[in-house]
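Work out the full structure, taking the sequences as your base and the hints as a guide.
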Amino acid sequence: MSTTNTPSGTASSPSRSGILARAENIRCVYGGGEEDFTAVDGVSIELGEGEILGLAGESGCGKTTLGNALAMIATPPLYVLSGTLEIDGETIDLSTLQPSDLKRHRPYRGRTVSMLPQGAMNSISPTLRISSLVRDVMRAHDPKITKDEALDLARERLKMLDMPVRVLDSYAHQLSGGMKQRMITVISTLQNPRLLIADEPTSALDVSSQRMLVEMLLEMVQQGIMSGVVFVTHDLPVLSQVSDKLAIMNAGSIVESGPTRQLVENAQHPYTRKLLSSVLDPSQETRRRGVARRSTTTEEVGTP
Amino acid sequence: MSEPSADAPQDDMITRSTTDAEILLSCQNVTKEFSVAGSKITAVDDVSLEFPESSVLAVVGESGSGKSTLARMLLRLMPVTSGTITYRGQDVTHLRGGDLREYWTDVQAVFQDPFSSFNQFFTVGSLLRRGLALAKVPKDEADALIEECLGYVDLRPKEVLHKFPHQMSGGQRQRVMVARALMMRPKVLLADEATSMLDATLRVNVLNVLHDLKNDLGLTVLFITHDIGQACYLADRVAVMERGKVVERGTTEEVIFSPQGDYTRRLLSDVPDLRGSLKP
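The listed protein sequences derive, respectively, from chains A and B.
Going by numbering that gives the first Met the number 0, the residue at position 184 of the first sequence is 183; the numbering climbs one at a time, nothing skipped.
Going by numbering that gives the first Met the number 0, the residue at position 58 of the second sequence is 57; the numbering climbs one at a time, nothing skipped.
Please keep in mind that the hints were generated in silico from the structure rather than gathered at the bench.
Possibly wrong hints are sitting among the right ones.
Derived coverage of chain B by chain A (criterion: at least 3 residues anywhere in the stretch with Cβ under 8 Å from a Cβ of chain A; other residues may be distant) [to be verified]:
#	region
1	158-170
2	221-230
3	266-275
Partial chain A-side listing against chain B, Cβ under 10 Å, derived [as the list claims (entries may be wrong)]:
#	residue
4	Thr126
5	Thr201
6	Leu204
7	Val206
8	Val263
9	Ser277
10	Arg288
Note that beta-carbon positions come from the ideal geometry of N, C-alpha and C, so glycine has one too.
So this is what it looks like as structure tokens:
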């Protein structure tokens, strides 16, 4: 087990068991304009069996692009110039330089790697019941599956996670944001993917719904529904609660990575320290900072 | 002073400032009911709040607790079912026409989803200049004002004025909307999850801007958020909403560090702790 924070490059695994996935040298550019823009610049990550890797950083740092590359859903103008994903003893070339590369990746999508995109809960059709979404998603991956088989699988999964089965009969507008997001998470993992890429799954939720979702994700990993999660978000407190290790991204590169607790308590990189110091939790320290800021300002502007 | 439960009298204006600051905006016993498929849903239930001049009141609560509906009524974008809204001692609940436009000059808002606040066919420059033209600000003053207000939110005119909404990130759009609201030199700013799409470092900057404007220009802020950490940093007073009712209110210290109500305690316990872990 690695005990020191890695200042850059690879997010090395502090794995307690075997390695689940290893992605190496991923390089992504957005092209099509006058100049290519490099969004991910030679990033490597490693994930152990049953681990959750938190990928954190500010908007535009490349975390969603990296997630898209790992999930093999990069489409123009995003091009993956290089990168491999080693999973289950197979090495997949992630590069997408030709349209035919997308076909090459299709067999892995949903089964080997599943993607839970940002804002996915808003993509539920308002005119169809959740059960129709379950059927459509399952048929997209397995045309032979019947509607009943797909629904039985969903019912079984909901029972396993102590969620109400009646949700399947609901329309999107009848569900809260938190429930929609949990349902989408369940649907995106119905095929028991080895790796789930969850992109900002908690961002649009209030704290109570956030907690229910992350508890469900932990339960899913524990029950073996998926073997590992790359959890992408800018919300460090959420990540620190669920992830085994953290990788901090800035300008397309991982600037620091390591076991979560160690990184939170002993960050080495200035950028990580800046991110951590920006977290506003409801604590006496946050209040002191707020009040101190107010006092300084009052002095500066001379307001009584 | 804190109110421990929803049963406490609503007309007890606990948000009263500890100072003698003038009450700029207030609502008394405001209720909003929606009819959905034949049944009635009470989104805001008999809420009374006061906003002393040059202060920040945070309204916190879960999604669906009625925070945004309350803000829309205060802004006069949505009629009340019952109750009264008062601005500078004048009843504004049923203002119309020119009087309402004048009210909107003083009371500005920044909403949760900045994308829906933009006209997709206008550049940021057109959007900002149009707002100032409607307010009859001379053209030569307009550019300086735009530059000043974009500066408050750490944007440079050269970066954004030529851009269309879809060419900006969510954070940039939200900052432009804050700048647009500030251009009108409002007396009251209703910020409805206005920093929700900003990164942590930028969020602190925008909160600091609100601090500065409160102190510098005497701005009164209604800060609606589900992020209690932000309320803790910025607010003078906090009101907690649950299912349309204000269930607890008081100074920030009282509500956050000595919560009396079960709901507030649960809300606080659900906030993810940077140094905690949910891992088994």
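- Query: Okay, which hints does this one fail, numbers in order?
  - Reply: Failing hint: just 4.
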